[in-house]
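Asker: Once you have looked at the hints, place chain U on chain G.
Sequences listed follow chains G and U, in order. With this note's numbering applied, the first sequence corresponds to residues 1 to 527, in that order. With this note's numbering applied, the second sequence corresponds to residues 528 to 724, in that order.
Hints listed in this document are in silico derivations from the structure and should not be mistaken for laboratory results. The C-beta atom is built at its ideal place from N, Cα and C for all residues, glycine as well. Honestly, I wouldn't trust all of these hints.
Claimed, not checked - Incomplete in silico selection of chain G near chain U, CB under 7 Å:
id : residue
1  : S9
2  : V33
3  : A36
4  : V38
5  : R45
6  : A47
7  : I49
8  : F51
9  : A55
10 : E56
11 : R67
12 : V71
13 : V74
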Amino acid sequence: MTNPCAHLSAYLDQQLEGAGHDEFVHHLDRCPVCSARVALWDQMREAIIDFAETAEQSQTTGTAAARAELVDRVGRNRPIRVFTPAALRWAAVFTSAVFLLAIGFIALYRPAPPTSHGETPLPARTADAPTSPPATASSTGETSPGSGTGRETIETAADQRLITRFAGLRIGVGRHSLLEILETEPGANRFQLLRGVVAWAVTPRAAEQTVTIEFNGHTVRVIGTRLITRREDEHRSGVGVASGQVEVVLATGGTEQVTTGRLLVIDGTTTHWESLSATDLALMDTLLAETPDSHQPPKGGKPAKYSPNGRSPKNGTVQPESSPIGQRLTLSPPLPRTVRKNPSTQDRRRQSGESDTRPQGTPSSIEQCQTWIIQGRLQQASTALDEHLAHTPNDHRAWHLLADCRRKAGDWTGALAALDKVIDRAPPRVANAARFEAGTIWQEKKSRHHRAIDNFSAYLAAANLRRPLAAEALLRLGRSQLALGNTDAAKRTFGKVITDHNGTVAASRARKMLDDLKSERHSADHP
Amino acid sequence: MENNVDPTSDDRLMSRLALGETDALGELYVRYERMVKATLCHFSPEMSAADVEEITQEVFIAVHDMAPRYKPQSKFRAWLWGISSRKASDWRRKTWVRRRLLRESAGESSPAMAWRKEQSPIKKVEQRETIGLMLAALPRKQREVLMLHVVEGLKGDEIAQLLNIRPKTVRTRLHRARQQLLDSDLAKLWQQTGDNS
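Just chain G, with the same shape it has in the complex (with noise of 0.2 Å):
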């Protein structure tokens, strides 16, 4: 018995035995400390049962009329208790859960729903009217009767977005956006974003039937995907794609492709491509969900029911889905088509002697590179690309589809080689969207989290810049430090991630994290 003075409890609770017990009363003999709180409890357990049993002799006893009702109570023909207050419990929670289904299917699968929240499901034509004018969607959520040269306009406030369904075609409005409809014919469906961003979600239906856009003089092919547009002022406006391929045809007549993941930024006169932000990404997906507003998708190939203003209809259906692809949809405002660099002038300033800080690959040949890398042809793609290299060195987008192959390929090393070439000869913006692709790639593949935390502070360091993964940056800092064992950094950074980006999904990640580090922190103190 190395402390005796531990088993003290043990021996209260009369668990010692045989040996234990009797070197315990030994050491009863010579410690003090025990033998008193021994003789204390004694003495308390004497009083606690005189407590007990004096409380139990005040009690005045019952009288007979109390027993005699008593067993006349239980007597009577009692209802049997097959309703036990168990049994109800688990019945109300089985009520509940029926009743939570119910309301879930009724939302999801209801046809018509009505409007709320400010959302407004957007008109569309009728097969019964197909030469009516649109009905317009203001963010009010009331219609009214197209312009006389039979367009519409969907506007959304502030705290409004709305989403809506053509023919194969789901569009979320995001807040504070104008959308102008142009046209919406089978096959022709055209719009006008004039402010904003809006998603769209093109259900693909066969790889030869294409949807194009028309967007400020540019025009766009979709091949089954979903992209974002964004017209920010008159001359910055960008395509994302988060699943699918997009082709750009410029005003200029060059061609730009858009692959998943990627965000074309036209800004002016310059292109430049940034990888598709997290934020970006969410916004796509919130602008896209389906709410129990929004209109929903025809069920076995029945025509749905279009619903203006959560109204239904009394004849009035959506057209068949069926030609969604091949429509061709403008996103064209009129912008001033500030070209970028056509070839006459690429060729006079050739000629003057002006640098020029384009990338100097030939388009036709990084394209091709980045459909092969779409393909999966990441061999054949590389090989071209170090040959295009060889001879511009200073091409930051091949550097960087370079990154992209080498990275589905798993060389994570040469895609951290190819990112620090992109670091150092892409414009700020594209640089540090580099330097957060490879902080990425030093936590989660190589495990270098001093690195990681290079990369990710020097991204969320640079200023007067938009750092879309300005959240996502941080929670990842915040990983690596907790990685190297810096806790209190840690929290400090999840606590920052929620302070300023409170509400995204890095934000709740966080807390999810300090929650994590609480409890951890608590059970090492609570074993």
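Answerer: Below, chain U without anything else, positioned relative to chain G:
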């Protein structure tokens, strides 16, 4: 074998009750009414006399209802004590709003308060009141285990079986209850009053 069992034993009475002989319940009522009332008063000192009577009846009705499932593997008295403590807890849960509103008046008329004033000598009363306060300061779960152990004389395993908890939990609660009693300031006061008397 059944003939060897004392016909007036608690287990025998419970067997009779399970067979529908409600007279057995009357016997049990006479035998344990005080104990049940004391337990109710102990766990809910603010319970009025009328409530004590009513809840006591409910306890014995519960005994009647559970008689077919009763297994004579532990002391009947301890089993009944467990039912009483649960009934007292139920009463506290159901009437907490009313008790909050009528706390003062409920305290004046409670039989649990009354018996303390009737006892003598003074020192003994003081000492008993002190131990009552110390017990009242314990969390309900710890108090439950402590009373079953000290007053009813049950061992850890028996308490665990009775309360449907793990034996280790019983030991933990018992240890904490004892520590709190021994280390509380009231323990010194209680000891002083005991020494003076």
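Asker: Each of the hints needs a verdict: does it hold here or not?
Answerer: Hint check:
1. S9: Where the cut-off is 7 Å and the nearest Cβ of chain U is about 5 Å from S9 (chain G), the hint holds.
2. V33: With Cβ-Cβ at 11 Å, over 7 Å, it is violated.
3. A36: Interface hint status for A36 (chain G): violated (10 Å vs cutoff 7 Å).
4. V38: This interface hint is violated because 10 Å lies over the 7 Å limit.
5. R45: holds (5 Å)
6. A47: With Cβ-Cβ at 5 Å, under 7 Å, it holds.
7. I49: holds (6 Å)
8. F51: At about 5 Å, which falls below the 7 Å cut-off, the nearest Cβ of chain U leaves the hint on F51 (chain G) intact, so it holds.
9. A55: holds (4 Å)
10. E56: holds (4 Å)
11. R67: holds (5 Å)
12. V71: Cβ of V71 (chain G) sits 5 Å from chain U, so the hint holds.
13. V74: Hint on V74 (chain G): holds, closest Cβ of chain U at ~4 Å, below 7 Å.
Hints 2, 3 and 4, counting from the list given before, are not met by this structure.
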